[in-house]
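When you get a sec, could you build the whole thing from the sequences and use the hints?
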Amino acid sequence: MLRLLVSGLAAAALLFAGPAIAQEKTGNKPGFTLQPGTVRIILMRPSIRVGAQSTGGMFEPNADWTTQARENIMRALSSAQSTLGNEVISYDEGTTSEGPLATQYGNLFGALSNSVIEYQFFVGNRLETKKRKNTFEWGVGPELSRLKSLQGADYALFINTNDAYGSTGRKVLQIFAAMGGVGVTSGIHQGHAGLIDLRTGDLVWLNADRQMGGDVRTQEGATKRVAQLLEGFPGRPVGVTQQPAK
Amino acid sequence: MTIHRTLLIFSAIGIAATANANSLISPGPQAKIARSSLAASPTYEWNKLRYRGGKNVEIWTMDGDDLNKVTFYGAIPVGQPIFREANKKNAPLPRVTANMLITDIPALLESTYRVQLNTSQMNIDSQEPTLVAGYKGIKFTYSFVRQDDEVQRKGEAVGAVVADRLYLVTYEAPAIHFFDKDVEKFRQLVTTLKI
Amino acid sequence: MAHRPLISLSVLTLLSSSPALAQTNSTTLPTYTPAYEPRTVDERGLWMEADEDERALRDSPLVIRDEALNKYVRGVLCRTVGEDRCRGIRIYILEVPAFNASMAPNGTMRVWSGLLLRVRNEAELGAILAHEFAHFELRHTLAAFKHQRTASDLFAWAGVIGGLTNTNVGLLQWSLVGSIFRFSREQEEQADLLSFKYMAASPYPASAEADVWQHIMAESDETAIGRKKKPRQHYIAGFFDTHPTPLNRATYLREAALRISHGGDSNSAAYYQATAKFRPLFLADQVKLNDFGGTEYILGQLASTNGWTGDLLFARGELYRARGNPRDLVSAAQFYGDAIKTGFSAPEARRGLGLSLLRNGQVTDGKAALTEYLLMKPDASDAKAISALVTN
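Protein chains in written order, with this note's numbering: chain A, 1 to 246; chain B, 1 to 195; chain C, 1 to 392.
One thing to keep in mind: the hints can contain errors.
[Unchecked claim] For the chain B half of the interface with chain C, some residues (derived, Cβ under 7 Å), not all of them: (1) 103; (2) 120; (3) 125; (4) 126; (5) 127; (6) 138; (7) 145; (8) 152.
It should be emphasised that the hints constitute simulated quantities derived from the structure, not laboratory data. By construction, the Cβ of each residue, glycine as well, lies at the ideal position given by its N, Cα and C atoms.
What follows is the structure in structure tokens.
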């Protein structure tokens, strides 16, 4: 039995110690710089899901955690951006009744980021034309500026972050599974964030991370997460601590 | 199983995974598109997707198929659907039939999309006769929404039935920005089509 | 190495709950607390997700926003479950050509256009809406979620422990999967029975719910026949069925209805009128689904209530022309012709007639009908293509 255990652990270790597969990537529009100072950034309603991952892998949405995370992220974001001199405001449809059009743009941002991630960022399904150095041509077109509810702002920031914390059961399962040589991942922490120039509709920056750190349920963790999400943000401010990736 | 053998297997899998990657389509003549006699001569670069969706289907894209997508259907014979059926028993697709009129071509595409791609909203916006590689065919435009991502998309296509086989080439992209961005490149491609 | 599974079958008793099935003699409704706020962690989590989903739904391109139709559907819900219960519920009608309706834990109700096409009167619509409302009142989503979590936890553990001890836990995992689906069926039965109580207190006949299942079954048989498969209606729910099979449902609901023999007016005429504006769209969406048998059945049902009106004949023509066998093209031409005779004035009838004739080799007559179409609708989106067929 002991021999089984040892070889099981060794096998598991090998499985995870394989070739270093990149888990994080940032793309920038070449030559783009954001002048810190008087920039107004609209934060589109962030898609933030926080919950526990039950032993069997099911996502258990946790409203308190999500609300907490949303507040923490907003606070961390405002603070990170204000050190740049940027102003971050939340998107508000107000009385423009632009709901359906704004939703179409939202759906399109989703398709856009998924395409960047799928076809440019990570090895597996990249397109040849996207693999070339200094290529980052993505956008939703200049007609974006016609949305009244975005008037007065310079950029739109959209953030998606998906957290499923391994519940105790899952963590225990993980240990047992490792003993048997079965790989079970605990916790899913993925996110991406993108910045769109509202005048041209160009995607000037996208950061995608399949394995994010920072427990967003705490203020400290949210700060770390925001720092990761904003990794490579154009015109990176002085004074925000550079944390190692994990 | 020894540790060494385990390592070998993983590296072998690694190699296999890159073998059938997406490929580059350079400007110039391209033959045997969709494993058929279809040929075209683009003046721009395109990417050809590894994923096919059917025996005689080939997909080209600029930025990814959710953002722009050219689909070639080559020589689909009578009795066959245009793509591989996902669920033959419970969601059978309509087939190419003998004596199809040109107006039956967009109807076939629409019905196929409604059954298999969860497209519950679709409209054929215009239809006019055209020559496709010298054969009498149809050019049509359409708009649709799939339930999975709810992005409003537009399409433009040409098709013809030649010797009881359907040849169809479609271009689809989101209505906001993307359709207009590359539609001329698609139209250029169509002028060079050979069957 | 032990061959006994580490998790005994007694664990399964944790998961089974015996539904109070047979209490159909009592038709008194439970007391209802409106403005319920979710309390437990799980419940709040589900409501929050439902709220986010509803935000997306509100601006979706698939929603049908016609005021009159929405008002009518809401009215039917309120007449069925009562004003107290229907207050605060948001209803969204979606253009999806299948029979379904659902309810989220935060009070969002979704109704698919395929359902509006298939129910034959107000009572049947009310019965389905009442059923969905019952899930909401019984807070089923939460219970289902909890159950699924327990079952899937056990599933994962069984797999791991089985791996460690080299035991075959295959059978145990299979029965765990079964228990997830069986619980769902119990919920459906509970919802059916509560909604039955609403119906009993409503102005509608209690048999409406049983009727709906009856004709949904019949449609599914016709779909199968149309696809050259054997029609079959099980009595016992299959292993993966999340709903009691329609036959089972129809039977217990019919029995319950007979027991209380509550009459009422189904309001067919009002229903037909209220849905008239959208029926051509819903029919067109249905015809394009390549389901000959099922669509024929639906058309037949509509005709049995209101006769073969022009729009139904037109839709039938479209259906036969789509299948396109030589005999079908002859029938299609007949149906379009009949539609025109009833006074159906849409130019598309002549278009369909012309195309059917042309395809079947009756070139002169076909071209004549197409020419009439072009005269009636010179700016048609396919005018140029149709002209080409005429001048060929």
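Practice task
Would you list, in rising numerical order, the hints stated earlier that this structure does not obey?
Solution key: none
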